[in-house]
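Colleague: Going line by line, the protein sequences match chains X and Z. Position 328 of the first sequence, counted from 1, bears residue number 328 in my numbering, the numbering being contiguous throughout. Position 292 of the second sequence, counted from 1, bears residue number 292 in my numbering, the numbering being contiguous throughout.
Treat the hints loosely; a few may be bogus.
[To be verified] Straight-line C-alpha distance at most 25 Å; calculated BS3-like pairs for lysine-lysine: (1) Z:Lys396 <-> Z:Lys382; (2) X:Lys268 <-> Z:Lys54; (3) X:Lys348 <-> Z:Lys382; (4) X:Lys312 <-> Z:Lys316; (5) Z:Lys326 <-> X:Lys312; (6) Z:Lys312 <-> X:Lys316; (7) Z:Lys54 <-> X:Lys149; (8) Z:Lys47 <-> X:Lys54; (9) X:Lys105 <-> Z:Lys268; (10) Z:Lys368 <-> X:Lys396; (11) X:Lys144 <-> Z:Lys96; (12) X:Lys143 <-> X:Lys54; (13) Z:Lys312 <-> X:Lys348; (14) X:Lys54 <-> Z:Lys73; (15) Z:Lys368 <-> X:Lys105; (16) X:Lys326 <-> X:Lys240; (17) Z:Lys312 <-> X:Lys312; (18) X:Lys327 <-> X:Lys312; (19) Z:Lys348 <-> X:Lys47; (20) Z:Lys96 <-> Z:Lys83; (21) Z:Lys73 <-> X:Lys348; (22) X:Lys312 <-> X:Lys268; (23) X:Lys396 <-> X:Lys382.
Honestly, the hints are just simulated from the structure, not real lab data.
Number of protein chains: 2
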Amino acid sequence: MIVELLSVGTEILLGNIVNTNAAYLSEQCAALGLSVYYQTVVGDNPKRLEEALKIALDRSDIVMMTGGLGPTKDDLTKETAAKVAGLNLVEDEHTKECIKHFFRKKKWKKITENNWKQAMVPEGSIVIDNKNGTAPGLIIEMKKDGEEKRMILMPGPPNELLPMFINDIYPYLNLLQPEVIHSVTARICGLGESFVETEIADLIDAQANPTIAPYAKTNEVHLRITARAKDKEAANQMIKPLVKELKKRFGHYLYTTKEEALEDVVVKMLMERKMTIATAESCTGGLLASMLVNVPGVSEVLKSGFITYSNKAKHKLVGVQKTSLKKHGPVSEKVAKEMAKGCAAAAKADVGISLTGVAGPDGGTPEKPVGLVYAGCCVNGKTKTAEFRLTGNRRKIREYAASKALVFIRECLLEAENQLDEKEDETK
Amino acid sequence: MIVELLSVGTEILLGNIVNTNAAYLSEQCAALGLSVYYQTVVGDNPKRLEEALKIALDRSDIVMMTGGLGPTKDDLTKETAAKVAGLNLVEDEHTKECIKHFFRKKKWKKITENNWKQAMVPEGSIVIDNKNGTAPGLIIEMKKDGEEKRMILMPGPPNELLPMFINDIYPYLNLLQPEVIHSVTARICGLGESFVETEIADLIDAQANPTIAPYAKTNEVHLRITARAKDKEAANQMIKPLVKELKKRFGHYLYTTKEEALEDVVVKMLMERKMTIATAESCTGGLLASMLVNVPGVSEVLKSGFITYSNKAKHKLVGVQKTSLKKHGPVSEKVAKEMAKGCAAAAKADVGISLTGVAGPDGGTPEKPVGLVYAGCCVNGKTKTAEFRLTGNRRKIREYAASKALVFIRECLLEAENQLDEKEDETK
């Protein structure tokens, strides 16, 4: 089935907001096996909206509309959809109750007259409760020139749209299909996109059901495996062998097949090993620690973090030797090493991770160009270093460096474990 | 003139990337006084692309296309645009030279045959050099049913698109208009969006030339003032009185009318006052320091930063008293105050800024709910605190808290200065 996303909102056309809803819905549709062929954005203008909706219904089976469901007279999505479908708007008692309930819950003052506009729904449409706002979602099923067409109207604010889509629209769309679609994402870090794609070229060529699709992310490649089957359990059974094959091909570079980010996995690894961590950051200035702190429960493992942007701070807070700074410069393997060891020691942590580099735009030299970053990782007193050569502006270089450091921590933890395993083997 | 943005790329339809180009171009068009009525996304499919382009040319004067200019046979934007305009593709010698030059500069290996596809241009089109890639930009000027129409083709990667737009396309579009369009943005922090909009309601109602438009950003409101005049100088003269009026209405809340962010201004204020700063962060875990470090030259002012997520670190690194932690809890005014004072002392900095709060999802209580954040700011030994009640998920709460802290630092610096002024007045 062909899907068109029709976003309604002048604020998108003015560039005031980025249309992240479209990216979200597109990814969800792809996971459902639906083909999004068009994304359209149109303003809060009834004539242009009506024309865009007609074009969409001509060329697509399902039109998903977001935005324009608010209480003001500028909000016209519902009215326009009803007009195009030839339906009257009728008051929905249940939605009225939902709106009253929402106002009570929020302890908001008196409901104003225009709020009741949101309880008007196209006759015969499927009404979807909005648990995070006052505009209900709506599904209009209709025939056009003998063909089945569907309009799905959803509120624009992401905190209303996302839960509504996941809880109600996704299952509705899944039921439209003869089979259930189910996906698993294998996340890979530490390998380049083109390398990963080459490694799975044969799997992509041979794909039918399940399918496999690569998605490039910052420093990561995600492989989404999607199967169609009579139920989720059967789809999972079909996905399993492919996941096993990917694990075989990518080894420890494949860090998870669950819905979790690399920082979640790193924090979990530390928890499992009952290890603590400390950070020392120069060019990233707290970005790496901040990624770790994004994981709930990080307090168990994060002892402390040091932002040592200046040479003085590097010496004073994490004990980098003045001679190392002088001889090798603050951006050097030597200093990264001492920062990692030093922050672990200062915080009495099992692991110390450090980053020092030239983020630019100034400060680069032929020997140490902008984008050169060193990381140090000390695990139980043993320190390794890594060198990265990154491109982009100051912000990008810093983001890349922090995310590279996460990959590096994971590698060092795995390596420390392997060495332990080897030692155990030796003593056997 | 009516503009339609037509983005070409299956990766957008799959939700693999967010269409930030559309937001960027929309904002630029608004600044130019052009009306973007439609944004459309279509995949790398010749039939659907051709149809979408025809619809766009019917309803708009200028169609800006991005993406699909690469060297592979999937890239069909140029071919489709030429077909719709009825133009042949001819080899452009100058573009060939540019491609050769680009390969030499990048030290890339042999140019492959398909790269020369990028030197083919629609006959009679305006060719725009691409300094950051191999696909040139193209402007096709044509007549359709007696009306002037324009297609502007630009490469999809933002690092190629943005410089090309600013350097070549923006001036081209500006020349199309009888008058020059020029904008100045007044950035306001510390005041809510609805408050700001109410305060300027009369200016918005009375607007003609210059116009004034509010844009809500994280913790900020930006007011863009746009004037049309015979040249930039004349436009600036028209903008000036309105900027003056806004400064009068919003006082120090209006922090800049230049193209700079709040962190730039805070770092600049510290530099001007020859003051240094230290940070102590709990819930934000380095995010605030990281925003400061995003400003080139921050090394002059940032002494060190402490990430004190645990109670132990708060005590050990920045000297929070154990009794304060016990009696008031880590999320309290008292602890925020001690963290601010303590980090300034530990780093021997003139200013200390602290953040401690409940970022969730767990850890909230009726007295201290998720979203409660305290900030402390110590300027030359005098400490003030602020309380924020934020909403959103863990990530959002942390981002808001860091950005609120920037506003708070600025307020405290201004206040410290006023007090100095007052003292001076007293001694006069």
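Colleague: Would you mind marking each hint as holding or not holding in the structure?
Modeller: Evaluation of the provided hints:
no., hint, result
1, Z:Lys396 <-> Z:Lys382, "violated, 30 Å"
2, X:Lys268 <-> Z:Lys54, "violated, 53 Å"
3, X:Lys348 <-> Z:Lys382, "violated, 32 Å"
4, X:Lys312 <-> Z:Lys316, "holds, 19 Å"
5, Z:Lys326 <-> X:Lys312, "violated, 33 Å"
6, Z:Lys312 <-> X:Lys316, "holds, 19 Å"
7, Z:Lys54 <-> X:Lys149, "holds, 24 Å"
8, Z:Lys47 <-> X:Lys54, "holds, 19 Å"
9, X:Lys105 <-> Z:Lys268, "violated, 45 Å"
10, Z:Lys368 <-> X:Lys396, "violated, 36 Å"
11, X:Lys144 <-> Z:Lys96, "violated, 51 Å"
12, X:Lys143 <-> X:Lys54, "holds, 13 Å"
13, Z:Lys312 <-> X:Lys348, "holds, 11 Å"
14, X:Lys54 <-> Z:Lys73, "violated, 32 Å"
15, Z:Lys368 <-> X:Lys105, "holds, 19 Å"
16, X:Lys326 <-> X:Lys240, "violated, 55 Å"
17, Z:Lys312 <-> X:Lys312, "holds, 24 Å"
18, X:Lys327 <-> X:Lys312, "holds, 15 Å"
19, Z:Lys348 <-> X:Lys47, "violated, 64 Å"
20, Z:Lys96 <-> Z:Lys83, "holds, 22 Å"
21, Z:Lys73 <-> X:Lys348, "violated, 58 Å"
22, X:Lys312 <-> X:Lys268, "violated, 34 Å"
23, X:Lys396 <-> X:Lys382, "violated, 30 Å"
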